[in-house]
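Colleague: Next come the chains, spelled out residue by residue.
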Amino acid sequence: MSDFETVTATELHTAAPGPAGEPNAPGQPHTMEVSKPRSAAADAWRDLRRRPLFWAAVAIALLVLVITAVPSLFTSGDPLACSLSNQNAAPSGAAIFGYDYQGCDVYTRAIYGTRNSMMIGFFSALFAGFLAILAGLTSGFFGGWIDAVISRVVDIVLGLPLILAGLVLMNRIDNAGGGNGARIAGFVLILGGLGWTTAARVVRSSVITAKNQDYVAAARMLGAGSGRIMLRHILPNALAPFLVVITIALGTFIAAEASLSFLGVGLEPPAQSWGQQISAASPIGLVRTNPIPLLVPSTFLALTVLAFIIMGDKIREAFDPKLR
Amino acid sequence: MFRYLVRRLLQMILVFLGTTFIVFALMFAGGEGDPIQNLAGEKPVSAAQRAQLTEKFHLDDGFFERYWYYLKDLVTGNLGESLTGRDISTMILDAFPATAKLATIAILVTIVFGVTAGVIAGIRRGSIFDNSTLVLTLVIIGIPTVVLAPLGQLLFGVKFPIFPATANNPPTWYELILPGIVLGLLSVATAMRLTRASVAENLRADFVRTAKSKGMPGRRVIGVHVLRNSLIPIVTFIGVELGSLMGGAIITERVFNISGIGNLLYKNLNLGDAPVVIGTVSVLVIVFLIANLIVDLLYAVLDPRIRYE
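First to last, the sequence lines map onto chains F and U.
Everything in the first sequence is counted per UniProt numbering, starting at 1 for the first residue and increasing by one.
Everything in the second sequence is counted per UniProt numbering, starting at 1 for the first residue and increasing by one.
This is chain U alone, in the form it adopts within the complex (with noise of 0.2 angstroms):
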């Protein structure tokens, strides 16, 4: 177990250069400009100016120089300022909340409707309830976030508006209730498909024989035999759909208008802010290669049989 988690933590440490190297050469190759009158403006700005925040932002040196600088500040949790001047950790910091909220909700609605529906599916397989959900997930699996957030708007916020069409700032829970399913629903069928699956091949499994033939009750073979077995997919998957999560706030979030991260990220892209821009992904980037992590780990904890070397 220790020599696994060491060679996973040195794997995400590889990942981590990767993804911040990738994400930091795109920024760098698509420099714009002049990136001090950009800052400055119409203003002139003058020799000593000049050669004064070059030396601040390291921009004579090199490309790997600069990707050194950008990771020690991102390692130690400095993200710089923005063009405007505000600090963009506390900008991250600000829109956090609205984000983790919304992301509450959706995987919430992901685990109550997806994983009871799957396990009820999984038990009674080709019963009508079965058939009947599979069809609509595969349905719900096909219809994009970007149709789905502006149709339940229309639907639940418009033409019978029970929830409220857009968020103020900061949203309340109850508003943020119509995006929260949104966003969840997708992993809801992803989520229902798995667990289905997964109840069905373990209700074959020998441990379940061996548990009915001694006369265990059906309730407790499910509940612990089966359903325990059962969820080490979902985890899975619930880390991994972190990633589509986090795409998918960004539509929600831009259609309800709520101010999270992905409407954060979406204004500074459409008004230039390049280190706003690299600090949000950074940090979304991170989050995510945690979350693959923590899931990683939970794998090994949930299910004893996998022993790594």
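Chain F with its partners taken away, still in its complex shape (with noise of 0.2 angstroms):
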């Protein structure tokens, strides 16, 4: 996101009349003091600027990385207190939406199942980005027998289902035993060692086109090494729709986690996840009875993955010229 910090600061002094923040006001004749043409990212920043669900999507994401961070903050309850003398006992001022068939608080629960499913999200995407970085940079830049190699791995991995590998993998890892330390860990190498391979692609068309440049050719001549060039010529270039295509799986991650969880070879109580409560909740007694327990953290986890996948969805959007 430093990218587009950066982008705000260089444009309140060449572009945005008005006190920051603030749109052009109607009218106003548009000045330009200095000639240089804006840039794609400061293009795409104004057009991000002005979408109201761009930054629900971010006042979302940002709420959720506080409760990752501080969940005690927004719930006093303990999520391992339960007690079967409140079960399914209606919403109360002690517990807000309730208590679930165990006689757990359902809200404060969901509060704390936050935090590992945003971690098994977060560092599989981090993971499956590194993947990718290192697979598309590679491949796009050495081309030949090296793309080749990298381009098939590219197909058997995306002959994998990420579902039905992750059930499998995860099963070996529940068998293996271990706590759920290690559920975590396995989670993030399973999710990130499949998921890496749409970015893979993404960076790697980029780093075609970019690498045929005059500027890389330029830089080659005065005597840049092929690591030079990759780093700072070359990978600047893949950022941006890298970014939306890493921010776009954060949001599947965090699903494939509970989509995990849900069939039994994910976290285990006591941690907390969403996927996890989800699937406590969901037998179709249980839900007959009382579907709050269902609905809570189905809610947590739909507006987080709506979130990271507006924001991506958005950012390439306003990336994109055709759209404009």
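Be aware that a few hints might be false.
[Unchecked claim] For the chain U half of the interface with chain F, some residues (derived, Cβ under 10 angstroms), not all of them:
hint : residue
1    : Thr-104
2    : Phe-129
3    : Thr-145
4    : Ile-162
5    : Tyr-266
6    : Val-277
7    : Val-281
These are computed hints drawn from the structure, not numbers from a lab.
Every residue, glycine too, gets a C-beta built ideally from N, C-alpha and C.
Take the two lone chains and join them into the complex the hints point to.
Modeller: Spelled out as structure tokens, the structure:
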């Protein structure tokens, strides 16, 4: 995101006539003191700034990040303090969404489930992003047989559907024993290890476009080595589309964790995650008597995934000149 | 075209070897305990029996030899027996119709709603219909199946019981409508966005302008020229979508209690019946690969501009 921050700063000096953050007054002539044309990122940012949906998504994502960091800010309860005497109790001042079948506070549990769900999503995206850049950059930059080999590996991994392969892999980790720490690590390795392919293709194609540009040839003539050209001159070009894909992937990974936990191969109590809570609350018999324990973690999960997907989608729209 | 076909087939064989190898390696690497003892349960196994079973299942052979046997069995359609002694091919064939029906409904929903809405939105870009469907599809894309399926069941199976909340074995078409819609919704959203983008792009193409300027009626311009060109990415998408459809089917089948392939896989994973799991996953991966191949070939048929060397 530092990319966008620098853009705002330069933009404030060059383009925006009014005070920071205010839209241009209508009818006021738009003067540009500096003749330097705006970059694609600056253009995108101008577009993005005016989209309420984008800001709503950013707000939700930030809120979820705060919940992840300090869950105790949002609830004073203990997610593990369950008492069967509270079974399916209605919402009250003590528990705003009531209690579930096991007599646990639904709201508190959803708040404390945030951390594991987000951590798995975030680190999986980090790992997938690392693999994607590594694979996309080398295959796009070097081409030839390296490209052929990496592209075939991408094909093979794409041939394994995420949930299907994740189900089998997580089951192995389940059977191997090990605590929830091992399971979280397993999730990151599996989701990241299976989910990097789309991003790698995106990086590869931007790298191929960038490497034939004149400035790359110029850098090479000036004696820059492959490593320097790759990191300083080519990678920045691939960054915007890469960030879009990875933001969306982050949402997908959070959803995948929930799906796998739902299928019984994910985290287990006392560890909390949204998927595991949805799984515990979803048997039809329980839903009939009290659907709230299903609805609350579902809403948390859906809103979070939505926020990341909308962010990625809006950034993509802003960067795509065809859609303007 | 022929050379392209050959190259594509060779590529597919490579991918097939790679994916099956990964699936096999995973199940092999995580081998739990003594498989012969697992098979025998509590009963003691005599040395002769052990030798015979070791011979029968090639347990003494190396990793690659066993992979070779697995591959040979897979290609000849012999998936072996489950730990409980049932023929795995029969188990998969028994479960197949339910999943096939479910997938058919899902794909029909995708095509009927997604493509229609996409075409309308693409023609009327910027209209209220366009903007509202765009937001709606974004919301649908954002809600994972694991939320959508129990929610759909709660809303339309329990609160407003229009559809049955769970299915019998074997399921009827009527019982599969709700799960099919839930499964198809995700693809509806993406299909709608794809169609919209590609209709909008094709509307600005030179051949559309030419067709309009020579006086061709608008209905024909859109129906023949725009639509045919716009459908190409949709076909690709539906083929690729089959992968996530399978993932979604496991959850949907579980929620609505449909005895399909997803449920078969889920049950046997929890029972620890490794042969059934390997067999089912291998078959699903093969289905996925073949679907992708067909899509690639269709691509070349649908778009004569694409000429592969």
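Colleague: State for each hint whether it applies.
Modeller: Each hint tested on the structure:
1. Thr-104: violated (19 angstroms)
2. Phe-129: Given a least distance of 17 angstroms, the restraint on Phe-129 of chain U is violated.
3. Thr-145: With a closest approach of 7 angstroms, the Thr-145 of chain U hint holds.
4. Ile-162: Violated: closest Cβ of chain F sits about 16 angstroms from Ile-162 of chain U, beyond 10 angstroms.
5. Tyr-266: holds (6 angstroms)
6. Val-277: Where the cut-off is 10 angstroms and the nearest Cβ of chain F is about 6 angstroms from Val-277 of chain U, the hint holds.
7. Val-281: Status holds, d = 6 angstroms.
The structure fails hints 1, 2 and 4 (numbered hints given earlier, in ascending order).
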